Structure formats: structure tokens, C-alpha cells
Amino acid sequence: VIAVSSSTSLDQRSDTSNYGSEICLCAPSSSGGGWTIVTSDAAGSWTDPAGIARPCGYKNGDQHDCFGGTSSSCALVAGVCALVLSAAPRLGAAELRSILQRTARRIGDSGAYAPDGHSIHFGFGCVDAAAAVAAARASLAS
-9 VIAVSSSTSL DQRSDTSNYG SEICLCAPSS SGGGWTIVTS DAAGSWTDPA
41 GIARPCGYKN GDQHDCFGGT SSSCALVAGV CALVLSAAPR LGAAELRSIL
91 QRTARRIGDS GAYAPDGHSI HFGFGCVDAA AAVAAARASL AS
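If you count the sequence shown from 1, position 49 lands on 39 in the numbering used here, and the numbers rise without skipping.
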């Protein structure tokens, strides 16, 4: 399990994020100002179990919309996991988690991190896809 919190694009704690000693990493989200996360959006409608037609997505007819909170942060970390595993497919879960933690970028107030490098708000920092893939490739060479 990789517990993910959300940060803003300004490298601050997201006001909608979970926090605690279990947090492993954080990833950017839409809340708190700065850039937003944009995703595709389904247009049209679906029929619920009661037979009532309901619109799909956030805005019926649009093809994209903002997506935020830890839902978007977790999706981003899952994507980074896929990139890392594509570079080093034989990595186990513990090795993958270790690479993500070692390569995470510290954000926010440096005083928020304990001596072991962990923050209750950011885990070991913000996920860094390029650094994680590079570390995975380097692990293959050793």
C-alpha cells in the first residue's frame, strides 16, 4: 500500500488532503491555488437503477474538466508507478515503494520533516517521475 496525500502546484499542503504517519508520498492536486489537474470528461448520460437518466461527468457536453483532491494525486502516483515498472519490470512492491520514497522531492516547510525524512503532510515528499525512473534504471545496472 502506498498512502498518498495531495499538495498544491505551489508545493504546499492541500487543504483537502489527508495526513498522518502513514502517508508515503504526496502528489499535486487542484486545490489551494496554482495550476489545476485536468482530465477527460465523459459526455452524455447513463441510466441509474431506478431508470432515471443522469448526466455523465461534471458538465454535460464538455470533454474535459478539473479533477482534484487525493483522487487525482493517487492517480498521478499510480501513473508514476507504471512508468517505473515499465523501466524495471522485475521490481517488487517493496523496491518500488523504496524508490518512490528515496527519489521524492521535499516540498513545503523544511521543518515539517522529521529526522528520518518523513512529514505527516507530505510523506517523504512529492513524487518525482523522472528521478524515480532514473533510479529504477540504475537499479538494473547494479
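In case anyone wonders, no lab produced these hints; they're calculated from the structure.
Mixed in with the good hints, there may be bad ones.
Unchecked claim - Restraint ranges, calculated between C-beta atoms of paired labels, are given here:
| hint | residue 1 | residue 2 | range |
| --- | --- | --- | --- |
| 1 | 8 | 105 | 45 to 51 angstroms |
| 2 | 61 | 39 | 19 to 25 angstroms |
| 3 | 101 | -1 | 17 to 23 angstroms |
| 4 | 110 | 68 | 18 to 24 angstroms |
| 5 | 65 | 24 | 46 to 52 angstroms |
| 6 | 104 | -9 | 26 to 32 angstroms |
| 7 | 106 | 131 | 26 to 32 angstroms |
| 8 | 42 | 132 | 25 to 31 angstroms |
| 9 | 83 | 5 | 28 to 34 angstroms |
| 10 | 9 | 37 | 37 to 43 angstroms |
| 11 | 85 | 43 | 17 to 23 angstroms |
| 12 | 0 | 131 | 33 to 39 angstroms |
| 13 | 82 | -7 | 16 to 22 angstroms |
All values derive from a computational prediction rather than experimental measurement.
Virtual Cβ for every residue (Gly too), placed ideally from N, Cα, C.
Hint check results:
Taking 45 to 51 angstroms as the suggested C-beta distance range, the pair residue 8 and residue 105 does not conform, at roughly 23 angstroms. Range check, residue 61 to residue 39: Cβ separation about 24 angstroms, and the 19 to 25 angstroms hint holds. Look at residue 101 against residue -1: about 22 angstroms separates their beta carbons, and that is inside 17 to 23 angstroms. Between residue 110 and residue 68, the C-beta spacing of about 22 angstroms keeps the proposed range 18 to 24 angstroms intact.
A hinted range of 46 to 52 angstroms is violated for the C-beta pair residue 65 and residue 24, which are about 18 angstroms apart. The hinted window of 26 to 32 angstroms between residue 104 and residue -9 is violated, with their beta carbons roughly 20 angstroms apart. The hint said 26 to 32 angstroms for the Cβ distance between residue 106 and residue 131, and at roughly 28 angstroms that hint holds. For the hinted restraint 25 to 31 angstroms between residue 42 and residue 132, the CB-CB distance of approximately 58 angstroms leaves it violated.
Here the CB-CB span from residue 83 to residue 5 is close to 31 angstroms, well matched to the stated 28 to 34 angstroms. Our hint of 37 to 43 angstroms for residue 9 and residue 37 holds, since their Cβ atoms are close to 39 angstroms apart. Separation of residue 85 from residue 43 is about 48 angstroms and departs from the stated range, judged on CB atoms against 17 to 23 angstroms. A beta carbon spacing of about 36 angstroms between residue 0 and residue 131 agrees with the range 33 to 39 angstroms that was offered as a hint.
Hint check: residue 82 to residue -7, Cβ distance near 18 angstroms, so the stated range 16 to 22 angstroms holds.
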